[in-house]
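Asker: Starting from two chains that each stand alone, build the complex the way the hints lay out.
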Amino acid sequence: MTKELITVGRKLSHNPSQPLSLLLIGQDTQEAAHEAASLGIDVWVVDDISFAESPPERYVALISAICQQETPSLILLGQTDMGRDIAPRLAARLGASVCMDCVELAIDPDNKSLLQSKPVYGGNAIAVWASANHNPQVVTMRPRVAKPAEPTSRKGKIAPLTVELDDSTIKSKLLKTAKEEVKGIRLEEAKVIVTGGGGIGGREGFQLLEELSQILGGAIGVSRVPCDEGWMPASLEIGQTGHTVSPELYIAVGISGAPQHLAGCSGSKCIVAINKNPEAHIFKEADFGIVGDYREALPSFIEKCKALLSISDSE
Amino acid sequence: MEIIVSVKQIQDPEIPPVKFKLDAESMRVIPPEGIPPVMNPYDEQAVELALRLKDKYGGKITVLTIHSETTSSIIKHALAMGADEGIVLADQAFEGSDSFSTAYILSQAIQKIKDYDLLFFGRQAADWDEGLVGSIVAENLGLPLVTLAERVDIMKGKLKVKRVTLDGYQVFTVPTPAVVTVSNEVGQPRLPSGWGIISASQKQIPVWGASDIEADPSQIGAAAARRKLVKLFVPVREKKCEIIEGKTTAEASIKLADRLRKAGVI
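Those protein sequences? They're chains E and C, same order as listed. Residue 314, in numbering that gives the first Met the number 0, is where the first sequence stops; the numbers in between run on with no holes. Residue 265, in numbering that gives the first Met the number 0, is where the second sequence stops; the numbers in between run on with no holes.
Chain C on its own, in the form it takes in the complex (with noise of 0.2 Å):
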């Protein structure tokens, strides 16, 4: 089995709110101060997945990313945790491109590197949190797709699928190649054992540009984007918390009871 994860570094979504800060300006969120950014958990969790497929089934794993610069530090994590190869695509060119190029770029990428049975992303960017990505490269390249992802199985020579809904889950079978994009019901991504970090660090990572996967400029970058940010803002809380207080945390509770009471919510 051939997969081939995309992976996208961002900003830890995971930090305090109260570290988190963006300049209204430029539109643009200031990086906090001594966080230093991480793969996208999601993409962390379609490269667990695809591990634990290659644990079972053999095959290779080859992970993608785009980035501004033609080292990345996710990639090497993710060799470390046991992908095989990566390939990270870096051309100023690539520069504010919106979804629909990200797709368009990747799949370019990716009918370079030809042979392939299942294509993983991360369900969405824990960034823009939109999800977009992954269902539009199946349709740049006409194949089958499965959102939300929990586990995948190979069963006579297709694809078994269980994706998470609400309120259960659906079974889907689907032929290869195919695309799915995985949830965060995968549970918690492996860590880099010590040989992985240290067989990560001597793997060469090739840095493919523009015209080393046949862009087409009229499709990438800002000026193919097919909607402009106009407003980037942080949300203003109007609540104000009252703190009900008591000689016990018990003898609080009881005021709360009543303070709600008296609301009118119980």
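Here chain E stands alone, though its shape is the one from the complex (with noise of 0.2 Å):
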């Protein structure tokens, strides 16, 4: 995700009176700014526990200590668990404008302002905003929307940076962060994605799906219905509510296409819908489909799928 924003903001800050910067907090980071200067970016460093380890009101904290020194006039975050929690309330303590979930960033060449674009009505529509002088504004940014930045011929330099930050003035406690273990390969990752909607009517129907992402050497993904319903865990799903993904293969099982599920997958380079409805919203989306249940469907592209693949059953 930082890689992404380098990019964006590289895009921004063509002038040198508007340079760009990355602020790295936490303990042991020179790897990670040696890797940041790598790509042609000033870092500033700060000494600190990570995000990970204290709540989201130090960083607002820390941040806008080093904001009111610095005076940014751009602070990019990415739309993030993070950068969710923080964004807002660091804008609301500095007094800046904020744009939540933005997919493009752009200069208006007459008034200089900026335009941030971004989804809304759950991808229905896209709405630009223009937030003429008014300094500093906050973005986040949708994860995979720009390309991660490149190593450079240009080394970025590496400075400290030192902030007070009373921490009786903290108040809320982080008590414990704990991951869910992820079977196989991480969804952001993953090169092929199987993903399964309300159409596949109850946890047993995702054994298929399954089957068919392990053979594709993928990861299985869900759209809102089966988390609400409970038939698969939530931290899979896909969507404006979940993750954010762009593989080489998306194949939708039995997802109707609501926008607010498309948020989290139309970066990717090849959908395929399979739903018994033809008015499905998903082909609208979908590069190739299936009009057909996929009790159906799925038994015989597994099969077909593992004969090209040249995987045999005892395997």
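Do not take every clue at face value.
Said to hold, decoys possible - Rough simulated footprint, nothing fancy, chain C against chain E, three-plus residues with beta-carbon under 8 Å:
1) 36 to 49
2) 106 to 119
3) 142 to 148
4) 229 to 240
No lab work stands behind these hints: they were computed from the structure. Positions of the beta carbon are idealized from the N, C-alpha and C atoms, including for glycine.
Answerer: If you want it as structure tokens, here you go:
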């Protein structure tokens, strides 16, 4: 995500009067700082506990103190667990303008205001906002809308930054951070994702999807309905309130294609839809489709894939 | 436990995409015909979580909304679900308010209500999909904040809040009063009971205007907005779906596998 933000920031900071810097907060950040510097960006390093160990409130205090010191005109964050939480409160504290979950940023050639595009109404529409002369501005970017920055010949400078923080002002306490065990490949890294929706009808149906995803060396995902119904864990959800993914192949099974779901997968290179309903919206987003029951489609599809990939049943 | 839940009326977000229409000229979404507006689903889940707390620990729930009219069907709905009191904030001066002004109006009203332990908000409104207002209210009132909550318990006079993350969860403790934004993992909100509907219809719902909450006119309405909407459009989908056909679904799916192999994706 950070590398994507560097790409977004670099597009906007052409002139030297508006340099782009990376704020790195955490412990033992040397390696990360050098990696960032190799991407040609100057790095400010704040030696402090990392986000995973501190309440967001503390992060807001830290970043706003730095912003008051360094007065950036634009603060970029990812629309992540952290970004979603701290961006609104950070903006409020700084008296800044804010836009969440942007997919594109541009400078208005006429009045130089920052144009912020973001999906609204569950992805049914795109809104473009202009916050003229309102400094600073806080923006969170949707993951995977920009390419990660590549190393450059210019090396960035690394400089330490110190901030005074009165910890007695932090009222919330983080007791625990738990990660659910992910079986197999993480959704964000999967080249193939097989996703099931309400049309699967229950937990049992997902066995076929799991078999297919294994054969294709991919991961399994779900839309909102299977989470809400308790068929599958919420940690597998793809969409506006879950993961944002962009695999090479996305197989949507029994998914109607609500914009809220497509928000999480429309960056996929190839979308295949299998749905009983020929009118399902997913066919408007898909590259290939089958109109039919997945219970009839998947077994022969799985067999054919095995044959194509030369996977024998004994393996 | 005194809980205030802020709720918003929006166009039904579950409408099929074909029914979604907007007027690009006026940059407004056209309400779909015959489909009534609803309470933002995430706010309804916030009401549900508040009711679960009340069921367990007792207390009072007040629901608050900013609305263009002086009566609000979503406040009635929340009362019918089991909330105790409702307040509508209605004033022409509120029109065109952005998230900061909205948070300011709600903060003023919350300060007027005065007695509260917990402020609940939905994680975001399903129209503009930002998730700003609850967090800004926390900042305005100087309160601790936990976002994306799935569960809240009371532990030794403090709140224990489970926050949903992408690949797991976090647990926070915060002193009261506090702000919590509620995530969809809360699950299905309860349906109003028959008795709930009857008692809700008999409740008086006060309407507060800008002067009732001592709102500073420079902080509210379109003029106070920190950003301006310059364009609203429906993205064009250029994809054309190749439907693979066969005598049977099974046959079609064999062809699909071949087609995907040819396309180089498997």
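Asker: Next step is simple, just say for each hint if it's right about the structure.
Answerer: Going through the hints against the structure:
no.: 1; hint: 36 to 49; verdict: violated (count 0)
no.: 2; hint: 106 to 119; verdict: holds (count 5)
no.: 3; hint: 142 to 148; verdict: violated (count 0)
no.: 4; hint: 229 to 240; verdict: holds (count 4)
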